[in-house]
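Chain by chain, the residues run as shown.
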Amino acid sequence: MDVYLPIANLSVNGLVIVVLGGLTGVLSGLFGVGGGFLTTPLLIFYGIPPTVAAASAATQVTGASVSGVLAHSRRNGVDYRMGTVMVGGGVIGALIGAALFRLLQALGQIDVVINILYVLMLGSIGTLMMREAIGALKPSLLGKGGPAVRKRRHHPLVASLPYRWRFYASGLYISPLAPLILGMLVGILTMLMGVGGGFLLVPAMLYILGMSGNVVVGTSLYQILFVTMVTTMTHALTTKAVDIVLAGLLLLGSVMGAQFGTQIALRARPEYLRLALAALVIVIALRMLYGLGVQPDEIYTVAPL
Amino acid sequence: MLPALLLLLAAPFLAAQREPVLVPEVSQSRIEVRQGFTGASLLLYGAVIAPRGAAEDYDIVVVLKGPTEPVRIREKERLAGIWMNAGASDFRSAPSFFAVASSRPVSEIVDERTAAIYELGTDFIQLSPSGEIDPEEQARFASGLVALRRKQGLYQEDPNGVRISEGVLYQARIELPSNVTTGRYTAETFAIARGRVLASATAQIEVEKVGLEGQVVAVAQRWSFLYGLGAIALSLAMGWMAGRLFARG
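Read top to bottom, the protein sequences are chains P and E. With UniProt numbering applied, the first sequence corresponds to residues 1 to 305, in that order. With UniProt numbering applied, the second sequence corresponds to residues 1 to 249, in that order.
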């Protein structure tokens, strides 16, 4: 099924794109992450220009998070106060990200920066998650009953920030500056990498802010929903690289994939799921690290002036 | 086709002159890029009429060139164990598409100087380098660009792509991949004998995005804000519908 992408300016196999979106959808259903960290590199690998890939992946993540936000808000799984503070930070971050994007593009270093960011972040988060998942699994593997209940505390740096607010749904009394800065960082990443940032946001909310577990995924999706909308708009206005046909195909796949993912998530044990996500994240990080060190197929790249 | 016929009829009179006459035609003067576009096959054909008394065999070379654009070419180098862009070189007129087809390998038809003058090969594209970089380095960047675009199917060379029948009629087929840039393409045909270009003629081909595809591009460029809103609305609608499906399932 040949589909012509008007903005990317080339013809692709529509089924491949739908399947790719489907993979992302399975991930979002399984783990509550947008899956943009997988879509963007795969699209680039398929031959879509990097800017178009990042812009259109952001649009897709919007769609992927809507249903998640609706589902979580139905069972009070969204801390709107916390989420809105993060969205505020995210919008500032997206604007900073747009400026950075243009600067790095002019310097010709956007690709290498994106790759290094991927390796650093996926590597460290993957390792963190892997340790956590193995820690949770160990007692049950050794036959010592359920995992010990861990009391979550937020990072000492967070506690030292001034002007505390009460976030009832998250069970926190912390300065709004912490989620604002966190949202800002994720906003920058969304703009640069076309990722929703869920894979960064979820662990940061758990381990740095210390939010209670039942609102983490919903609030993260809420933040991602709004920040990817702003990102889509910023791309539409500045880079003009949002390919609506590409985004539509990706969405079609992820809508179906998400159902699949949720089905699996209902049956599998969460510890194993987290272990699988950690392994996936580490594999992608290693693959990208390898890509940085190995001579690329193309030494030369062409950019219009 | 009509001008070709007219010229064929007029051939005896035209033949009074010393140079051969070229009558080029293209199968399509307009290529429409619409949904499902996977590339186009362009047939360039015509006749070459020798002047009276000259019983020469001509070689035909066809050059199809897409719109040119200024580009910056970057070269990756290994720095601190990481491959990243290091050097860069600017060229003011890189054609977005360039295809050469000839009845024999160009090197057998003309010498390098002539080939360079008429751009009869991907090695001879006039890229108009700008900035002050030494010629050797510029040549390296230029060949990097050519190699990259050849791989993408945007630069082509077919040394046996022109078929000449009866020494008069010629035809060449050039494939345009789906990733071609839109704009005005020029097809130049050269009749060559004894290492000299004796006649040349040009034809124009318009490559345009039409239908929904053309409108998408126009809206994205002109009404970016509306386009952004549309993209967001689409993703929200599809996500919402998915949510409804979840709830039911």
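Hints were generated in silico from the structure; no laboratory data involved. A portion of the hints provided could be inaccurate.
[Claimed, not checked] Partial chain P-side listing against chain E, Cβ under 8 Å, derived:
| hint | residue |
| --- | --- |
| 1 | V66 |
| 2 | A99 |
| 3 | L103 |
| 4 | Q105 |
| 5 | G108 |
| 6 | L251 |
| 7 | V255 |
[Claimed, not checked] Straight-line distance between alpha carbons at most 16 Å, and here's what the computed EDC-like set of lysine to aspartate or glutamate pairs gives:
| hint | chain 1 | residue 1 | chain 2 | residue 2 |
| --- | --- | --- | --- | --- |
| 8 | E | K65 | E | D123 |
| 9 | E | K151 | P | D297 |
| 10 | E | K65 | E | E19 |
| 11 | E | K65 | E | E166 |
| 12 | E | K151 | E | E119 |
| 13 | E | K151 | P | D111 |
Quick caveat: nothing in here was measured; it's all calculated off a predicted structure. Ideal Cβ positions, reconstructed from N, Cα and C, are used throughout, including at glycine.
(request) Check each numbered hint against the structure and report the violated ones by number, ascending. (result) Numbers 2, 3, 4, 10, 11, 12, 13 - these are the hints that the structure violates, sorted from lowest upward.
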